[in-house]
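S.K.: Read off the chains here:
2 protein chains.
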Amino acid sequence: MAYDAIETPFGKTDKILGGCATYIGLAASQFHTDCALVSVIGEDFDKNHKQLLLDRGIDLTGVETIKGGKTFFWSGKYHNDLNTRTTLDTQLNVLTQFRPVVPQHFKDASFVLLGNLDPSLQLEVLNQMESKDRLVILDTMNFWIADYREKLDEVIARVDVLSINDEEARMLTEEHSLVAAAKKLHQMGPKYVIIKKGEHGALLFYHEHVFCAPALPLEEVFDPTGAGDSFIGGFAGYLAQRKSTAVADMKSAIIFGAALASFTVQEFGTTALENLSTPALNRRLNAFKSLTEFEIELQ
Amino acid sequence: MAYDAIETPFGKTDKILGGCATYIGLAASQFHTDCALVSVIGEDFDKNHKQLLLDRGIDLTGVETIKGGKTFFWSGKYHNDLNTRTTLDTQLNVLTQFRPVVPQHFKDASFVLLGNLDPSLQLEVLNQMESKDRLVILDTMNFWIADYREKLDEVIARVDVLSINDEEARMLTEEHSLVAAAKKLHQMGPKYVIIKKGEHGALLFYHEHVFCAPALPLEEVFDPTGAGDSFIGGFAGYLAQRKSTAVADMKSAIIFGAALASFTVQEFGTTALENLSTPALNRRLNAFKSLTEFEIELQ
Numbered sequence: 001m002a003y004d005a006i007e008t009p010f011g012k013t014d015k016i017l018g019g020c021a022t023y024i025g026l027a028a029s030q031f032h033t034d035c036a037l038v039s040v041i042g043e044d045f046d047k048n049h050k051q052l053l054l055d056r057g058i059d060l061t062g063v064e065t066i067k068g069g070k071t072f073f074w075s076g077k078y079h080n081d082l083n084t085r086t087t088l089d090t091q092l093n094v095l096t097q098f099r100p101v102v103p104q105h106f107k108d109a110s111f112v113l114l115g116n117l118d119p120s121l122q123l124e125v126l127n128q129m130e131s132k133d134r135l136v137i138l139d140t141m142n143f144w145i146a147d148y149r150e151k152l153d154e155v156i157a158r159v160d161v162l163s164i165n166d167e168e169a170r171m172l173t174e175e176h177s178l179v180a181a182a183k184k185l186h187q188m189g190p191k192y193v194i195i196k197k198g199e200h201g202a203l204l205f206y207h208e209h210v211f212c213a214p215a216l217p218l219e220e221v222f223d224p225t226g227a228g229d230s231f232i233g234g235f236a237g238y239l240a241q242r243k244s245t246a247v248a249d250m251k252s253a254i255i256f257g258a259a260l261a262s263f264t265v266q267e268f269g270t271t272a273l274e275n276l277s278t279p280a281l282n283r284r285l286n287a288f289k290s291l292t293e294f295e296i297e298l299q
Numbered sequence: 001m002a003y004d005a006i007e008t009p010f011g012k013t014d015k016i017l018g019g020c021a022t023y024i025g026l027a028a029s030q031f032h033t034d035c036a037l038v039s040v041i042g043e044d045f046d047k048n049h050k051q052l053l054l055d056r057g058i059d060l061t062g063v064e065t066i067k068g069g070k071t072f073f074w075s076g077k078y079h080n081d082l083n084t085r086t087t088l089d090t091q092l093n094v095l096t097q098f099r100p101v102v103p104q105h106f107k108d109a110s111f112v113l114l115g116n117l118d119p120s121l122q123l124e125v126l127n128q129m130e131s132k133d134r135l136v137i138l139d140t141m142n143f144w145i146a147d148y149r150e151k152l153d154e155v156i157a158r159v160d161v162l163s164i165n166d167e168e169a170r171m172l173t174e175e176h177s178l179v180a181a182a183k184k185l186h187q188m189g190p191k192y193v194i195i196k197k198g199e200h201g202a203l204l205f206y207h208e209h210v211f212c213a214p215a216l217p218l219e220e221v222f223d224p225t226g227a228g229d230s231f232i233g234g235f236a237g238y239l240a241q242r243k244s245t246a247v248a249d250m251k252s253a254i255i256f257g258a259a260l261a262s263f264t265v266q267e268f269g270t271t272a273l274e275n276l277s278t279p280a281l282n283r284r285l286n287a288f289k290s291l292t293e294f295e296i297e298l299q
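Chains as they are written, first to last, in the working numbering: chain R, 1 to 299; chain Y, 1 to 299.
Check before you lean on any hint, since a few could be wrong.
Intra- or inter-copy, both count: the list cannot distinguish identical chains.
Here are the simulated EDC-like cross-link-like pairs (lysine to aspartate or glutamate), alpha carbons at most 16 angstroms apart as the crow flies [as the list claims (entries may be wrong)]:
1) Lys-243 to Glu-297
2) Lys-251 to Glu-293
3) Lys-184 to Glu-220
4) Lys-183 to Glu-220
5) Lys-15 to Glu-293
6) Lys-183 to Asp-160
7) Lys-251 to Glu-297
8) Lys-183 to Glu-219
9) Lys-184 to Glu-219
10) Lys-251 to Glu-295
11) Lys-184 to Asp-160
12) Lys-50 to Glu-295
13) Lys-15 to Glu-124
14) Lys-107 to Glu-124
15) Lys-184 to Glu-43
It is worth saying that the hints were derived from the structure and are not from the lab.
The following block holds chain R by itself, in its conformation from the complex (with noise of 0.2 angstroms):
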């Protein structure tokens, strides 16, 4: 849990809610599913924001404020094609103190997504986790493929679903075409690699087959921050709405989580997230059902 200061080339915001836990929460709420979060915050957090998330059913006995502490910040700044960023100020803060405690009655969950963050925090939690039937769902990214190779291979190893962008595939399995770096990710453990390329959708690899999985074309991106963490969150919540870790409702699951984070862009921060009605999810699930539906008569 965090707070960015975002600019894009259409505004710039001061402190806002952010960190991938708060979008992921945000997106799995959405869902008819218990659901907590795990994570780190400062006696600096606003009490409104605990709030909003608590008022959405999120349990958050699992987040722990330290005293005195400040929370997480962030502060980035888009380039003109958006695709791109720049890092203008980090301050870890309590994030130096993090050392994650799974409540004990989320420890039988059965489904277990570790958000994008230092691969020894994402091992600390699944070793506190102890139920038998789960499914473990890891978000990652470039920073931790770059210094932290080693602690993140035994993660990987340990989890059912690696969600990545096509750029660290590539970059972790030294892979071009994403097929081959698919199967390379496979024997690295999960049994599902979901590659993410953002307006050109996602592929979910399972079992020798692909699923392609569009992006909604829109015409104005306006922040890109908590995309993927409003995918994955929105993945896994509708999963575990449904109770499922089968294929076809991991399909479904990632329409759902492309569907959420197509709102995640269309607004600052968490802002979209926090006013989607159940109707508007629905318009735009049939949006995505009609911009990929298709008639073929065999020659």
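Position chain Y against the provided structure of chain R, taking the given hints into account.
M.R.: Just chain Y now, with coordinates in the frame of chain R:
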């Protein structure tokens, strides 16, 4: 129609059969429809290559042979990622004397595909057409956008379907968002705008809607030459077979085009298209279907 010498990370060819008309003809002739090419060749053009096209029922009365002339020649080298290439040699040869003549018995064609060439020549073809209800499809590329813009705009204003890649759409419209770019392209004339995104598939923009076609994720792209031509040739061939310009058929046509392109890139030059069997094409169409199918239960 051309001869190409191609180098990719996987190998190298001497002069082989190439040219947009050749790929278009081979792709379109997969369908049950009459098809004629309008092009120019030199006396060096191999009679076996001519026979290859004739054997597939392609009408070549519109292909002029220039006495003593040499066929257009292009030589290029693809870089490691296969997304960029360097032109090593271009010999225009007979292309400098090309005055396209549409055969009388094809002037009433219902489907006219203007392959990637000088916009002035594309206009000359269009001016010879006598059919009233016809669908005109235009393919073009960066070279014509940069240096022949005025003539190109004139062609674009007169066509129904524009096929263009993502970078070219951005170049033509000075819009980064493909949705915004498509809007501007519609305003230039075409009711249907296809934006090709290589390994990320293609988008069809029509009547304020979008259709998103996937590309088949391939482990190895062997030689990208002719992929765009195969795509649009397949698109036109399928529509001609269906005798339809309905949007539903255009969507199917894009999938057929993408399937044909996916074969083309798996071998050097026209090899894969030459040897393609109907069962193999049908298997690949089924792969496209299962690649994109998902179910959504609304929330």
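S.K.: Does each hint hold? Answer for all of them.
M.R.: Tested hints:
no.	hint	verdict
1	Lys-243 to Glu-297	between (36 angstroms within a copy, 14 angstroms between copies)
2	Lys-251 to Glu-293	both (15 angstroms within a copy, 8 angstroms between copies)
3	Lys-184 to Glu-220	between (35 angstroms within a copy, 15 angstroms between copies)
4	Lys-183 to Glu-220	between (34 angstroms within a copy, 13 angstroms between copies)
5	Lys-15 to Glu-293	neither (41 angstroms within a copy, 41 angstroms between copies)
6	Lys-183 to Asp-160	within (14 angstroms within a copy, 42 angstroms between copies)
7	Lys-251 to Glu-297	between (24 angstroms within a copy, 12 angstroms between copies)
8	Lys-183 to Glu-219	between (34 angstroms within a copy, 10 angstroms between copies)
9	Lys-184 to Glu-219	between (35 angstroms within a copy, 12 angstroms between copies)
10	Lys-251 to Glu-295	between (19 angstroms within a copy, 8 angstroms between copies)
11	Lys-184 to Asp-160	within (14 angstroms within a copy, 44 angstroms between copies)
12	Lys-50 to Glu-295	neither (48 angstroms within a copy, 35 angstroms between copies)
13	Lys-15 to Glu-124	neither (29 angstroms within a copy, 60 angstroms between copies)
14	Lys-107 to Glu-124	within (12 angstroms within a copy, 73 angstroms between copies)
15	Lys-184 to Glu-43	neither (43 angstroms within a copy, 51 angstroms between copies)
Violated hints, listed in ascending order, are 5, 12, 13, 15; each of the other numbered hints is respected by the structure.
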